[in-house]
Amino acid sequence: MTNIPAAVDSYLAMRRGLGFKLVDAGSLLPGFVGYLHENGAEHVSTELAVAWAIQPVNAGPIWWRQRLSIVRGFAEYLRDIDPDTEVPPRDLLPARQQRIAPYFYSAADIEALMAACRLLNPPLRAATYETIVGLLSVTGLRLGEALALNRDDVDKKHLQLVVRQAKSGGRKVPLDDTTLRALQQYFECVDRHFPVPVSPSMFVSIRGTRMNKDSIHATFPNLIDKAGLKGRGQRPRPRPHDLRHSYAIRQLIDWHQQHADVDARIPLLSAVLGHTDPASTYWYLQAAPELFAIVGMRLEEFLGELP
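In our numbering, the protein residues as written are 1 to 307.
Hints listed in this document are in silico derivations from the structure and should not be mistaken for laboratory results. Check before you lean on any hint, since a few could be wrong.
As the list claims (entries may be wrong) - Pairs of lysine-lysine, DSS-like flavour, derived with a Cα cap of 25 Å:
(1) LYS172 with LYS156
(2) LYS230 with LYS213
(3) LYS157 with LYS172
(4) LYS21 with LYS172
(5) LYS213 with LYS21
(6) LYS172 with LYS230
(7) LYS226 with LYS213
To be verified - Restraint-style ranges between C-beta atoms, simulated for each label pair:
(8) ASP84 with GLY17: 43 to 51 Å
(9) ASP176 with GLU76: 22 to 30 Å
(10) ASP225 with GLU76: 34 to 42 Å
(11) GLU47 with PRO221: 41 to 49 Å
(12) ASP225 with VAL196: 50 to 58 Å
(13) PRO197 with ASP91: 25 to 33 Å
(14) GLY170 with GLN66: 32 to 40 Å
(15) THR276 with ARG151: 21 to 29 Å
(16) ILE54 with VAL198: 48 to 56 Å
(17) ASP261 with ARG151: 31 to 39 Å
No residue lacks a Cβ here, since even glycine has one placed at the ideal position from N, Cα and C.
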């Protein structure tokens, strides 16, 4: 019988040796192996792979497809060791990559969401979620990037975060004094619970291990409900990723209100967000109704100045 946990370790080591980060795979595959064990399975099957992939009922088809894709990559490797391994077909769990207009978190929304985080138990869990929400809202980080951070990625001297495991490679994200103090307070909370660190991770679970996306996605809908937040119009239920969108939209709103040259500043925002193509950043100009009224007001001002 194949030792699947050992095969996972070998697979991750092999791929990482080729330069792949495999952050999600490293955190998710052990959970898949545990799921196989719970179901008494000695081999990877398509049926169990799909059943595991769609377990986070509060997530969505894109995340389910990503989870299945991670299992597929491992299964392709494992099949050379265990011929009874089934590799899930690529056309399972299709999900169109469509750009949905993001939910815009107002300052009051973020305050309510962080207040909901503080209601969680135990206190360390509350502090972890509150700090994650706060950091995402003021940096525009992707959730996966935030969870991959280690403590030593905080550059206190230059007031910045060093984001190493990112889609577009590493980048530096500015921090302000308030955010730095909030992170320090969170680190002190973690240290009280774990005087001897269990993980170098910036954000830890109640066991001291690195936080993972599944935990966030499972808890987030409850936080949204406690905060009293709902989708507006045709907008979907607020998601963690919308905190990143809201950061970008807020920057654009601020620049418009300041009558700044937005086109000249888009590359700066692209760099902070980790966009390799500025077109990805320009998308926010058409995706956010909050910007329409401001742009309209500027147009009226411009027309009013014409002779």
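Checked hints:
1. LYS172 with LYS156: Answer holds: LYS172 to LYS156 is near 12 Å, not above 25 Å.
2. LYS230 with LYS213: 22 Å, holds
3. LYS157 with LYS172: 13 Å, holds
4. LYS21 with LYS172: 18 Å, holds
5. LYS213 with LYS21: 16 Å, holds
6. LYS172 with LYS230: 33 Å, violated
7. LYS226 with LYS213: 20 Å, holds
8. ASP84 with GLY17: 43 to 51 Å: For GLY17 against ASP84, whose Cβ atoms are near 26 Å apart, the range 43 to 51 Å is violated.
9. ASP176 with GLU76: 22 to 30 Å: 45 Å, violated
10. ASP225 with GLU76: 34 to 42 Å: Holds: the Cβ-Cβ distance is about 40 Å, inside 34 to 42 Å.
11. GLU47 with PRO221: 41 to 49 Å: Hint violated: Cβ distance 27 Å, outside 41 to 49 Å.
12. ASP225 with VAL196: 50 to 58 Å: 36 Å, violated
13. PRO197 with ASP91: 25 to 33 Å: Violated, at about 44 Å.
14. GLY170 with GLN66: 32 to 40 Å: 22 Å, violated
15. THR276 with ARG151: 21 to 29 Å: 27 Å, holds
16. ILE54 with VAL198: 48 to 56 Å: Given range 48 to 56 Å: violated, Cβ gap about 30 Å.
17. ASP261 with ARG151: 31 to 39 Å: At roughly 37 Å between Cβ atoms, ARG151 and ASP261 fall inside 31 to 39 Å, so the hint holds.
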